[in-house]
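As you go down the protein sequences, you meet chains A and B in turn.
Position 48, counted from 1, in the first sequence is what my numbering calls 48; the numbers after and before it change by one each time, with no gaps.
Each number in my numbering corresponds to the 1-based position in the second sequence with 1000 added.
Accuracy of the hints is not assured; some may be wrong.
Claimed, not checked - Once the Cα atoms are required to be at most 30 Å apart in a straight line, the calculated BS3-like pairs of lysine-lysine come out as:
id: 1; chain 1: B; residue 1: 1066; chain 2: B; residue 2: 1014
id: 2; chain 1: A; residue 1: 3; chain 2: B; residue 2: 1064
id: 3; chain 1: B; residue 1: 1066; chain 2: A; residue 2: 3
id: 4; chain 1: B; residue 1: 1066; chain 2: B; residue 2: 1055
id: 5; chain 1: B; residue 1: 1020; chain 2: B; residue 2: 1055
id: 6; chain 1: A; residue 1: 52; chain 2: A; residue 2: 3
id: 7; chain 1: B; residue 1: 1014; chain 2: B; residue 2: 1055
id: 8; chain 1: B; residue 1: 1020; chain 2: B; residue 2: 1041
id: 9; chain 1: B; residue 1: 1020; chain 2: B; residue 2: 1066
id: 10; chain 1: B; residue 1: 1066; chain 2: B; residue 2: 1041
id: 11; chain 1: B; residue 1: 1041; chain 2: B; residue 2: 1014
id: 12; chain 1: B; residue 1: 1064; chain 2: B; residue 2: 1041
id: 13; chain 1: A; residue 1: 3; chain 2: B; residue 2: 1055
id: 14; chain 1: A; residue 1: 69; chain 2: B; residue 2: 1041
id: 15; chain 1: B; residue 1: 1041; chain 2: A; residue 2: 3
Said to hold, decoys possible - Selected chain A positions facing chain B (Cβ under 10 Å, derived; list incomplete):
id: 16; residue: 34
id: 17; residue: 44
id: 18; residue: 49
id: 19; residue: 87
To be verified - Here's a subset of chain A near chain B, in silico, CB distances under 8 Å, partners left out:
id: 20; residue: 42
id: 21; residue: 43
id: 22; residue: 46
id: 23; residue: 98
id: 24; residue: 99
FYI, nobody ran anything at the bench for these hints, they're computed from the structure.
If you're wondering where the values come from, they're calculated on a predicted model, not measured in any experiment.
Glycine included, each C-beta is placed from N, C-alpha and C at the ideal position.
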Amino acid sequence: DAKTTQPPSMDCAEGRAANLPCNHSTISGNEYVYWYRQIHSQGPQYIIHGLKNNETNEMASLIITEDRKSSTLILPHATLRDTAVYYCIVRTTPNTGNQFYFGTGTSLTVIP
Amino acid sequence: GAVVSQHPSRVICKSGTSVKIECRSLDFQATTMFWYRQFPKQSLMLMATSNEGSKATYEQGVEKDKFLINHASLTLSTLTVTSAHPEDSSFYICSARSVGELFFGEGSRLTVL
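Okay, chain B solo, but in the shape it has when bound (with noise of 0.2 Å):
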């Protein structure tokens, strides 16, 4: 199946800094590319979608200041978390559509100090 990569898999931060996590689709170009979020022990939460050249379109509740979203090419895609403080810790995955399936990422493990 067609491959997803995130960079870092994990990050520690201290707050108040902002860390930029990328997604890449490695062997197929993706117009569209999800980034989700995971508290332990909870379900994945959709945060935003991303649509290559144009602004990403946030859920209902997700501050889009905050979660700076950037798709600048059809296989990258990067999430930067903003003045990051202790409650953004958490698992960030993405994803990204190829012929109607969903492929994601490894996940990212955020830390914020």
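Here chain A stands alone, though its shape is the one from the complex (with noise of 0.2 Å):
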């Protein structure tokens, strides 16, 4: 299984970007990078995911580096509510049975 390394903490400024890095350095071509959210005692949001190109979404955007061994989450505006465990992923793949194994996360906590 492709794993993936979060540094365990950050904070960011309400307000400002929170740019959350994955290493993913053992990723194979036809694996996809998700990222997920768990605020405490629920069950993970999906944010987004991408396989090769830059992804944006209406919660988030994931920048995918061209040789694929990192990612960077990016929450443009941070709020309060931002405030949780995100979970970078490397989905395997469909003939190991499209199965999705968490790493640590990062706890990002959202300063006012």
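Combine the two chains into a complex, taking the hints into account.
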């Protein structure tokens, strides 16, 4: 399984952009990068995913390096409600079950 | 987005009893569902992959006879913790995949006394 490494914690000022890095150096060519977040005692919430190209949706942007060995999740204007644990996940390929293995995640604290 | 519902959200049971947790995909059909366990201040650990109409696939180190998984229909998977013990107390979360995305239930907190 492609493993991911993330910093254990980060702080961000409210209203500023939060940039959350993730390393996935062993990712294979057809494995997707997904980002989820988990607010305390709730199920994880989908944020965004991508394969090679940068992606943007109403929640965030995902920047994937050209060699695909790392990515950055960007929350453009962080709010207090964005305080959560953010997980970067590499989804396994269809022939190995399309499974999602969670790493340790980054605990993001948005500061007023 | 798609909705996945779990029931019960909280359950307390005595040691030695069995507990069943249900996971339903409310607005889509899921041939595959996943069960995770999460201990306090830790990440989610994949326990098993539940396949509709066939046996579940368990991750290494997860006891299949203790954690019984049934996926009898395209919208329902159940996890039964048999002969529960205090060390089984945890947050159990199910998920189902719809069009590439994985949607998670609200989780079920099990406390074994």
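Checked hints:
no.	hint	verdict
1	1066/B to 1014/B	holds (16 Å)
2	3/A to 1064/B	holds (25 Å)
3	1066/B to 3/A	holds (28 Å)
4	1066/B to 1055/B	holds (14 Å)
5	1020/B to 1055/B	holds (17 Å)
6	52/A to 3/A	holds (17 Å)
7	1014/B to 1055/B	holds (28 Å)
8	1020/B to 1041/B	holds (24 Å)
9	1020/B to 1066/B	holds (12 Å)
10	1066/B to 1041/B	holds (24 Å)
11	1041/B to 1014/B	holds (24 Å)
12	1064/B to 1041/B	holds (25 Å)
13	3/A to 1055/B	holds (27 Å)
14	69/A to 1041/B	holds (27 Å)
15	1041/B to 3/A	holds (19 Å)
16	34	holds (7 Å)
17	44	holds (5 Å)
18	49	holds (7 Å)
19	87	holds (7 Å)
20	42	holds (6 Å)
21	43	holds (4 Å)
22	46	holds (5 Å)
23	98	holds (7 Å)
24	99	holds (6 Å)
The structure agrees with every numbered hint stated previously.
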